[in-house]
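Line by line, the protein sequences are chains A and B.
Each residue of the first sequence is one higher than the one before, starting from 1 at the first, in the numbering used here.
Each residue of the second sequence is one higher than the one before, starting from 1001 at the first, in the numbering used here.
No wet-lab data here; the hints were simulated from the structure.
Even glycine gets a Cβ: it sits at the ideal position worked out from N, Cα and C.
Certain hints may be false.
[Unchecked claim] With the Cβ distance kept under 8 angstroms, some of the chain B side facing chain A (calculated, not the full set): (1) TYR1200; (2) THR1202; (3) ASP1289.
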Amino acid sequence: MRLDVSDLHVRFRTRSGAVHAVNGASFAVDSGEIVGLVGESGCGKSVTARSIVRLEDPGEITGGSIEFGGTDLTGADDRTLRRLRGRELAMVFQDPETTLNPTYTVGEQIAEALRVRRDPDDQPFLRELFAGVRSRVGSKRTRKRVLELLGEVGIPRPEDRIDDYPHQFSGGMRQRVMLAIALARRPSLLIADEPTTALDTTTQAAILERLATLNDEYGMGLLLISHDLGVVSQLCDRIVVMYDGVVVESGPTRELLSSPAHPYTKALLGCLPGRSEPGETLPTVGGSPPDGSPPPAGCVFVDRCPFARKDCREDSQPTLNLEDGRTVRCDVSDAREADLETMRVATAADPIDGPGPDLNPGDRGRTAAVAVDGGVETDSPTDSTADPSGSAVDNPILELEGVTKSFRTTDALVDRLLGTAERLTAVDDVSLELRAGETLGLVGESGCGKSTLARVIAGLESPTAGTVRLDGEPVDDVDSRRDDQLADVGVVFQNPGTSLNPKRTVGESLAEPLLEAGWGERRRDERVEELLSLVELSPEYAGRYPRQLSGGQLQRVAIARALAVEPAVLVLDEPTAALDVSVQATVLNLLERLQRQLDLAYLFVSHDLEVVRHVADRVATMYLGRLLEVGPASQVLSEPAHPYTAALLEAIPDSEATAGGAGLAGEPPSPTDPPSGCAFHPRCPMADDDCATVEPTWETVGDASSRCHYADERADEHDEN
Amino acid sequence: MSERHADEHTWRSPDAVLEWLRERTRSQFAWSLRTNPGVRFGGTLVCLLAVVAVFGPLLSPYDPTAQALEARLEAPSLAHPLGTDALGRDVATRIVHGARVSLALAVAATAVRVVIGTTIGLVAGYLGGLVDAALMRLVDIQLAFPGLVLALVIAGVLGPSLRNVMIALSVVGWASYARVVRGNVLEVKDRPFVEAARLYGTPRRRIARRHLLPNVINPVVVLATMNLGTIVLTAAGLSFLGLGAQPPTPEWGTMIAGGREYLRSAPWLVTAPGIAIMATVIGFNVLGDGLRDVLDPDHLEERERRRS
Ligand code: SF4
Ligand code: SF4
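With the rest of the complex left out, here is chain B (with noise of 0.2 angstroms):
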């Protein structure tokens, strides 16, 4: 009964792994997704966004940071599709820049909480006990504070940088992650599979791991979703403090803070990166509404139930 025996079974072969791909895009789950308006609304959205992030700044002719004070504040035009600056920086560069700062920003602290929350509640709700009430106290604690006053308070005493936003928001989110596996668990850990396994004399850890974990990762994925869009947003907003990206770094909250004295002259300024900000959250959010109704046909038949 070693870790052996899990290795060889947790590790398919590339083979195995092609097979599984394609059992599951043939499967009904795969038809729900491709034709649930929020997931193709939400997604092309995201993906758009993605491209744009990872393509853009290769195609971009100019340099997101170089001042050209010659070219200061010009109103769109072909050349800058979004105009320049104060420092006749083009506006389109920056924005393609801040797409990668901030979904960078986003997938790694949602990354982070979302290794934290999991892990603390699955261990919180198979334990039990005073593990349970333990770790359950620390989720409290966590979520009695506002995360954006938390994380302000942190990216504060840490002082204003990038990495320091990324490490705020990292430790305020995990709690509802927690939450929302423990309660799952709970409800999981009970079913007789899990009981079957135990019988055969499967060791916690990798009863947790190859029974609970499986069962429980729907919502977290919603929610972690969800949140890729919240985060930007609230990085966004650390930065226009000042407590995040410092300038001349492209990021979309410093350039609503610089935009902001030429809001009437030049609002192309503010409302280049507003607008790729609500681009961003709504696309998250309606995907992760969308994978909801796919992953949790629960909430779906709730719905149903409240509007009749």
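Pulled out of the complex, with its shape left as it was, chain A reads as follows (with noise of 0.2 angstroms):
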């Protein structure tokens, strides 16, 4: 059934008053067609989902009309919608810890869609009575088209997890089981929205492969929502970009991402880090997002387009209709016609918000340079005695010598999670160090003890095992360190919504270091204003409540704090997870600039490979704990010896279109009861008997080192081709 929404109008009314969401959205999915509605948050993608579904409460649609096989869905009464619901269209939302209810088995849920799909209409109350009395997965054969759903999701053994509770299952895991419930009603158009944001990119390519699959399988549409072009790209036939409630172009994938036409869409790829050369400046979308006010007479991006004329604020613009099907609302031909790098050159010369830094051209070779360095002089983390250069300048800032960390899991909490009551083994004998100006990235799948990692080394935990060095002398955690170890450790957290305190401005926020380390009144007033230009941020951001401000504004001062009393090495926990691409590249930016100003060291944590490769210098990969892999980016990330790493590197999804790898089979094994031998070999493609008993050792390949035992195998092949 063919999905057509044509001029959607959606809005919200709030207390400071009206925000317009979708402001005339037209778009269509055939029956059997996968499409993707890609852009940045507040775009009003998840609106417009929503209201195909109509939830759209509490937002309003104001105009419009959405047809589906026929059916206006904004005139139709709650009977048809039901039915519809229950049937034909289904829906899976971004975070699966709230949509799953958590007081019935998934089999129980999964059997409930069933059951809806079966007869719409019937409204379950009675029989909510009699749930005790009957096993909810019913009669022999409901079992099984539960099993079968669960398997078709990919959940590996279903028979042993049907009658298990939400809570026992990863967060892939359960966004595969709302999959399961979704997919119960053999629906015709599944929309998914941001279905995979939440995970990792090893699930996420897993879990995006088996939606791929259930299309070609039953011919199912997909309307999958995202602000990850890679995502979309992947999988998508066409995809639709929207800005301001306004879709502004649409195409087939590959058209679209080879030549797009609109100013904004060349824009958004743009910033993708892996389309810059690692180290390069990022291209950024200059000015602010929309915020929900009503929509200019003419084109929504004219406050940010680099092209942009007298007329397009004035004139409506309209919908041009290109070869191959794909549309654009621009009416300016030199923008649309522009390629890829000249608009590169035309937002670089834009000024980003802010007193805009004095980028020197020449320095950008420096970071190029720092990447050579780097790889030269790392060496295996097992025999960190020789130092090529040996002097005292070279010392490393920051050491980690055997590592480990270790939680009781008698703790009642965490008890109940893992329902055991072993030791947990986050960080199991890690050994690196990190030089003033270099990036190390360290890279793995969530729970892989990463960030575990990161809070040892910041000293918000103390390691159970190893030391860890700052300036060569031994620290423990933050209690215990001096004041000036203290300050040559800064942290920049992952969410920046809660790395600041809501009930202190961001000056009071930014002045609490300087305060602790015995600052006067006057020098911190100065020295606040001096970091907030920095972060390019203007003066008057000190008066502000951390609400005031947008995601990027607010992980710009956290990244300002931890900069206030000057410290050597930044601890960076996910800085970019949280925030659009468009951000993510002016923040990332901002770091690569304050490295080079200030000769930081930065320990960059992220599960994110392509934002890795273009910031670090030197990779390290962990896996439950240990690390696997360590050496320069510019050889690990482009010709991996160990598997593991090779694997995720296959699981990015690739905007350019061309097929992305199937990714990691299953998921990491619980850290309490880790496999013997190689640590990966449960999931290792070129595991054999020796992997499961032999622990491997560190293996030299190239300028890296590797702990597998087939490291050298994979080197030589690389270099075969």
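Combine both chains into one complex, guided by the hints.
Here is the structure:
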């Protein structure tokens, strides 16, 4: 069945006036087609999706139509809607935590969906009362269907899991259950709102593949909503780009990505770190994102468009049809035809918000040089004795030696979560070092211990074994660190929304570390202003509260606070994971500049390999608390010697629309009970009998070292290719 | 890292305070306060009561305790809008004076509860471990006794007087504050901004005061507002039983107790203080409910979810 959204308008009434979320969006999804709806947060894509299944509350549809299989959903009555939602239209939400009912087993919840398909008008209230009497998974036939569904979405050993409750599943598995519930209805259209955003790259790859198969096998249409161009381009036949509640461009994936026509699409693609050379300044989208005020008469993108002309502002832009079924909403042919390179120049020349950095073009080469240096001076972590240069300046600022962190799981809360009382080794015998001016990228799936390692370095946890050395001196947790040692390490957390005290102004938050360091009031105020200009924010931000700032601005403030007392090392824990791509680009540029300006060492923790490839000089891969591979980014991320790094790289959804790899099967085993031998062997495609028993040692491969029995062979393979 | 710096930071100049106030009144927060029906209605009632309690006694021509036996049990009239009681005292004047007594007592007892409860909750939640376990057992014990009964016992043991009622009411009610504060502290203390404060070496005491307290205080405000109403009611109840204010002190509970015998002949003796108590309780409760909607949006969301 075809979905046809035309000229949809959705508005929210809030205390501070109406917010115009969708301002005339039009697009269609043919039956059996996969369409991606992309745009940054606040562009109205989720509201559009929810409006299609008529969950737009508390918004209201103020205009336009949504036709699905010939029925106009905007005017449909409850009965029709119920029937459609029960059989034809299904939706999967971003957050599987809150959309599964914690009090029923997953089997029951899927069976419920099956029942709804059979009889959408049946109100389950009475049956609900008998629920206790009869197991809700019910008849054998239903149970069999449920098992099939669980298998279909890729849950291993469904018979064992069918009677489990949602909390016994991991995030990725829960998302699969949600998918099974949606699929139980055999919908002709599935709307998936950011289905993989909360998940790891590897899990994400698995779920996306599952969606593609389902589309293939059952001809199920799919509307995939995402802010991630990579995800969308891997799966979709067509892409629809939304900005400020309006569709600015749409077209077949390949054409749209290779020659985007709308300046916004170009800007968005340009921001992707994967599209730039490592270390290069990323193009950004200047200006500020739309704020839900009534749309301008002319082009919605006019305030941020480098090609904007006078009439762009006044004249409503027509939707032009280009060849190969593409549409674009921009009437300026120069803008449409400009290629990505010109766009890049145009945006780079554009001042970013706040006082611009004086970028010296000659500087750019330097970062690349550092990358090479980093490669040369990398030595195997197991024998960190020889330092080729040996000079005092080159001593590592931060050294980890056999750092291990384990948690007692007898602690009531953890106990409940895991159902065990063992010791959980989150970080296992990690040795690393970090020098001034260098960026070390720490990558791995969630739960691999990378965040714990970051916390140990920051001093929020003290290591169970091994030593952390700052400037050559061993340190423990924050309570025992000296003031100058505290000042040496700055930390930036993942979620900028919670890393600032909501009750204190930006200025107060920035002044806190200075106050603790004993600075006087005058000096503090000066420094706060200095810090704000360092992160390209104007001084008046000092008086604002966090809730008045956007995500990107908050992250800038968080970075400024981390820099307040002039640290030598900055620990960045997924600093851009919660940000939109265009904002991510500005934050990455900022970090790059600060590093150069202040000669900082970064420990950059991230699950996003594209970002790490862009910023890191050296990369360390972590799995189940252990390091598996360490080496220069240029080598490790292009010719990985370790199968795990290779699998991570394969799982990256590729925005160049080439087929993405299948990624890794399964999930990491529980860290309370790590596998014997090579920890990675249960999931390793190259594993043999040796791997299950003998723990591999560090092998040196080129400038990197890798913990795999077959690292050398893989390296040889790379050489041959 | 001495307290000196802390003081520099906490005490603002009057200008800064004004600026802060201005920011506050301009904000969305102030707007939602002003437009919330609960806050409006409850707030009006409470303000009226406060005005009556403060200025009423100054305006009234009568003495609340002086007896005028020639004017016993007079029905409401122009001279005595709410009539007179068995000893010829003007009921309206006594109600107005009673408002003072009741409100003062409620405010004082609530203040003690808030301070004790918040401190205990903050300490327990933040320090955790053994301290937490010990303090929370104390809270459990306190909550295991019905508040009114415990207050009765304490007031009974200490002997009947207004001061003892206050003491009794102060020591029984703090546990719910401790609970609420501890719960919120547990949630806030692992937020990155608290960790960030640890990272730049903020002493624990200052973290508690500067980062935890402001972020857990909203539910306390709500709870305290609702509590004011209950305390007025409980205090009146204790006085009614003869444990609280002693005659001739003008107190609503005592007045009801005194008017009981004349219920048929002079119903205003009971209805007037009864309505006063009711208005106070309703006022505070509605205000508290409104404040909760404004200060605690999570709760609102939850209600929304339950409704749909
Ligand atoms: S060139 Fe004009 S119409 Fe085209 S995107 Fe820019 S502002 Fe809009
Ligand atoms: S040692 Fe074996 S199991 Fe481990 S990564 Fe290498 S090949 Fe795979």
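Outcome of the hint check:
no., hint, verdict
1, TYR1200, "holds, 4 angstroms"
2, THR1202, "holds, 5 angstroms"
3, ASP1289, "violated, 19 angstroms"
Consistency note: the structure conflicts with earlier hint 3 alone.
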